[in-house]
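Colleague: First to last, the sequence lines map onto chains A and B.
By the working numbering, the letter at position 30 of the first sequence is numbered 30, and the numbering carries on one by one without gaps.
By the working numbering, the letter at position 38 of the second sequence is numbered 1038, and the numbering carries on one by one without gaps.
These are calculated hints, taken from the structure and not from any lab test.
The model shown is predicted, which means the values in this text are computed figures rather than measured ones.
Yeah, the Cβ is synthetic: ideal placement off N, Cα and C, and Gly gets one too.
Incorrect hints may have been included.
[What the hints assert, rightly or not] Facing chain A, from chain B, some residues (calculated, C-beta under 10 angstroms):
| no. | residue |
| --- | --- |
| 1 | Leu-1089 |
| 2 | Glu-1128 |
| 3 | Leu-1129 |
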Amino acid sequence: MEKSCEEIREMLVDYADGQLSQSESNKVAEHLGKCKNCRRMLDALQRSLELAEVIWEDGLGETKEIRIPIQVKARKIRWPRYAAAAAGILLVVTTSILWRALVRPAKKELTFTEIERKITESASAARLLAAAELLAEYPDAQSIVKEQYRYIVDTYPETAAAAKAKLKIQ
Amino acid sequence: MRSVNEINPDFAAKAGQAASEQSSKSNLDIFLAELGRLKRIVAGFGLSASDGEDALQDVSIQALKQSGKYRTREDGVRWLIKVTVNRCLTEHRRRRSFRRRACEILKRKTETKTHSNRADEKAIVAEELEIVRESLQKLDDSLLGPVVLRYFCDLNSKEVGQILGLNPSTVRSRLREARMILARRLLERGVEP
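When you get a sec, could you build the whole thing from the sequences and use the hints?
Modeller: Here it is in structure tokens:
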């Protein structure tokens, strides 16, 4: 049975693209031999694709100007940079911890002997200060008293008596 | 008109070879290797050089982010084409594509001496070319993608379907619809091919 123009036009694109079976292709060719309108449509299909290709090829010429910056590739090798930074930070932290552990001066602890020495010195200084204060009541002994205060300051500088003696001299 | 075989032997051979081997390359390497084909897609969608550069930059960044996700090179290539098509369609929706007028295209063709210098023939071609350019510009997204991939990138209906997520029969029907639109517009404007 002969196909109508409408049916043939449904097949024209596939016919132009070589997608039809041999028998279908023969039917279309037979119809085209007799129908001017369908021939015009086939010509228009072919011509429009040719012109589209002209437009596409022209655009392709323009894409030669497209440059993809090389930085895109450089992104790939950023990990070593991050790794180096991380290693640097790790090194600083480790060094700091080691330094604190090994180099930090140990806290000085008082020994019993040291405490005993300090008590003895404080007692001696307090005794001498008491004696000097007694002598200070006599106007003739003022020079001796001052010498006594100076002695306390020089000999037992870390004691409370030395601090009092210093005030007396001033 | 050039005859277009449904199955492009070159592509099929490449795809077969690629499918058999596991990809050791990253998506960015595939992107750089396939840049020529991606530029062809950009041209097919009628993007200008600057818009095309933006589009391909975006695609390259996406390729970086997706590195190592695809088992075979073929999968990677298919994904790249899909991303590029989607990016180009975004530009097409903004109606920024196919901006270069027919007279500019013809002038360039004349300069490269690939076209007849006969004035009357040039005038007819310019008119026809402008009609097709406008038709491509107005073509729906769903039709332009298959047309570009099929007729300008030489992929067959099955490959186009895999990339666009369509059945091959749907691809064929869209191709038919798009081709008929282009042809009818030529005839409607009284141009006799």
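Colleague: Need the list of violated hint numbers for this structure, in ascending order.
Modeller: 1
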